[in-house]
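Visitor: Spelled out, the chains give:
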Amino acid sequence: MDKMPKWADVVLIPLISLLLAAVLSALVILGIGEDPVAAVNLMVSGALGSTYGWGYTLYYATNFLFTGLAVSVAFHARLFNIGGEGQAMLGGLGVAIMCLYIDWPHWSLALIFASLGAALFGAAWASIPAYLQAKRGSHIVITTIMFNFIAAAVLNYVLVNLMRPEGSMDPATARFPETVHLPSLHEILAPIGIEFSKAAPANVSFIVALVACVAVWLLIWRTKLGYEIRAYGNSEHGALYAGISPVKITIIAMLISGGLAGMMATNNVMGEAERLVLNSTEGAGFIGIAVALMGRSHPFGVFLAAILFGFLYQGGAELALWTSIPRELIVVIQALVILFTGALDNMVRSPLEKLFLAMRREKA
Amino acid sequence: MDFLTLIQVLDSTVRLATPLLLACLAGLFSERAGIFDIGLEGKMLMAAFFSAAIAATTGNVWYGLLAGIASSLALSGLHGLASITFRGNQLISGVAINFLAAGMTVLIAQDWFQQGGRTPSLISGGRFEPITLPFADAIEPVPFIGPIYSELLSGHSILVYLAFLAVPATAWILFGTRFGLRLRAVGENPAAVDTAGVSVVGLRYAAVMICGLLCGIAGAYLATALQAGFVKDMTAGRGFIALAALIFAKWRPWHALGACLLFGLLQAVALRFQNIELGTIVIPVQFMDALPYILTVVILAGFVGKAIPPKAGGEPYVKER
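From first to last, the protein sequence lines stand for chains A and B.
As numbered in the working numbering, residues 1 to 364 make up the first sequence, in order.
As numbered in the working numbering, residues 1 to 321 make up the second sequence, in order.
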């Protein structure tokens, strides 16, 4: 018998954790001498009050959707992939190579192949830690952390020494050609009569991210592979007994995870910057951890959490612009969300479980 | 490369290895007791900020050191609460602590000093000054020994000497005392320790707090001795290099000294030479930056001597009923 109803596990606990994180964040804002209510108002109007705000919110959310899904898939196999940041950096390299060295007749073709390139590079970067975990027992958390730093060094080397255009001092690639420009939401929505901000960077890869959400849901809950991944994540021994190979599941789950993280580059590199720069990921790989934890590793939860973090990111930028609250407030909120929904989960869960058990006893 | 350059590089190796060593020993205590800690970076960063902030406002570096240690201990307490009391995921807790420190330091720095997330530069009194060992000036003209003594061994701040003394101290505590034996046991087989009537929770909290103390000193060293003040994200991944060194040393104190000196040397060489030309081959500076991480992955992979962590590491202890 379950200790508490499913709705409590899926909805109530995340909400309480989120509330705790929000209360503490408000206290932090009070602590630095600002008004939390005014701050929230400014964030809401800045991030959701205009199509410009929405354009940025959805742009950030696209990044977090990919990295959140990446962390989630690994979580289902009970693997903690901290390396989304590095995998997304390498994904950027894949996108840049596809966009710069091949002449594409149309952006749609370019997007398909850039996505493949990004996924391939991201998966490749995840494959070594995956192999080491599966075959040599090296802890995946430590190796993926190390691979984040190695990825930064690799990208730095490639941008400074190999892909930097002649005569440029900036460690970045040349601009991608005009033909691979991805349509922004403005360009997509204008023909059907919806006015959307021209300046905002949200683009067609948001739709790709939504497709990825559905695909991950299908994979995890509607395929044999997904079943094997979940079985392995729930009980390694049980899975082994059922004839599921731990080596195969570890490697496949990490390849999918790395591929999803890499695909983030279609949004930030191809959709927004339209060239590869240093630190193009801006920590989105790590936010994926918070998004996956909050979304309980379910694609729909990840979707909601990604939108929330997109809102926080854009709202935080507005705060930094109009008040003396620095952007780092978002990093604090992100930390509190990870803390309460991840590490301190039992702090909320145990009292609730006791409460539900007591209620059930009374009924009986 | 002439002799003097070599001495200078080694001197800078010692300076750069010190924070790594302190953080590495910090992680050693925690992980030997079965508590994984990937929040070394965050604790160092928090301590770096508070030590610099208090040293800047009081003008006394010792108050700064205490404030740094206190702030690092607070984060350790949080890690203990999450991973020992509430039996949460230690890795996730570590990630949260790193972000908490990265955000809070800038937020508070901006609120207190309005200098874009940094503290004012520390002037004399607010920093740990170099200590000149006895007779350093007298011995300096002597060839060979002179520069080694006066440049390499003398002229560091007190925290550097403290860090190096912490190595035999750690080795003695872990392998020469009853507390150390129990601490190691709790990382390998907590149930046995519990059966013997010793508190698993108490031991693990003790280990996590020692970890906080050492991380606090490491952070204070960064902001008040190596540099003069706090700047945003000044730990720059050192907590993770320390973690790498810990694995490289396979959780042993003297080996940790070796690993930290090696990684310190890599940093010193990368700082001084940028790209290194070896005849026809040029080693890019990015390779030097990545080398500690690459070496750690190789060690973890077990191709060169397998690194086996403490057996109960990362597992919350649930008492049987």
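Don't take each hint at face value.
[Claimed, not checked] Here are the computed lysine-lysine pairs in the DSSO-like style, where the Cα-Cα straight-line distance is at most 27 angstroms:
hint: 1; chain 1: B; residue 1: Lys250; chain 2: A; residue 2: Lys135
hint: 2; chain 1: B; residue 1: Lys319; chain 2: A; residue 2: Lys3
hint: 3; chain 1: A; residue 1: Lys354; chain 2: B; residue 2: Lys319
hint: 4; chain 1: B; residue 1: Lys319; chain 2: A; residue 2: Lys135
hint: 5; chain 1: A; residue 1: Lys3; chain 2: A; residue 2: Lys354
hint: 6; chain 1: B; residue 1: Lys311; chain 2: A; residue 2: Lys248
hint: 7; chain 1: A; residue 1: Lys224; chain 2: A; residue 2: Lys198
hint: 8; chain 1: A; residue 1: Lys224; chain 2: A; residue 2: Lys6
hint: 9; chain 1: A; residue 1: Lys6; chain 2: A; residue 2: Lys135
[Stated by the list, open to error] Chain B side only, calculated, beta carbon under 7 angstroms to chain A, not exhaustive:
hint: 10; residue: Asp11
hint: 11; residue: Asn89
hint: 12; residue: Val282
hint: 13; residue: Pro284
In short, the hints are calculated from the structure, not lab data.
Each residue gets a CB set at the ideal place from its N, CA and C atoms; glycine is no exception.
Visitor: Next, verify each hint and record whether it holds.
Guide: Do the hints match the structure? See the list:
{"no.": "1", "hint": "B:Lys250 <-> A:Lys135", "verdict": "holds, 20 angstroms"}
{"no.": "2", "hint": "B:Lys319 <-> A:Lys3", "verdict": "holds, 20 angstroms"}
{"no.": "3", "hint": "A:Lys354 <-> B:Lys319", "verdict": "holds, 18 angstroms"}
{"no.": "4", "hint": "B:Lys319 <-> A:Lys135", "verdict": "violated, 32 angstroms"}
{"no.": "5", "hint": "A:Lys3 <-> A:Lys354", "verdict": "holds, 8 angstroms"}
{"no.": "6", "hint": "B:Lys311 <-> A:Lys248", "verdict": "holds, 25 angstroms"}
{"no.": "7", "hint": "A:Lys224 <-> A:Lys198", "verdict": "violated, 44 angstroms"}
{"no.": "8", "hint": "A:Lys224 <-> A:Lys6", "verdict": "holds, 24 angstroms"}
{"no.": "9", "hint": "A:Lys6 <-> A:Lys135", "verdict": "violated, 36 angstroms"}
{"no.": "10", "hint": "Asp11", "verdict": "violated, 26 angstroms"}
{"no.": "11", "hint": "Asn89", "verdict": "holds, 6 angstroms"}
{"no.": "12", "hint": "Val282", "verdict": "violated, 10 angstroms"}
{"no.": "13", "hint": "Pro284", "verdict": "holds, 6 angstroms"}
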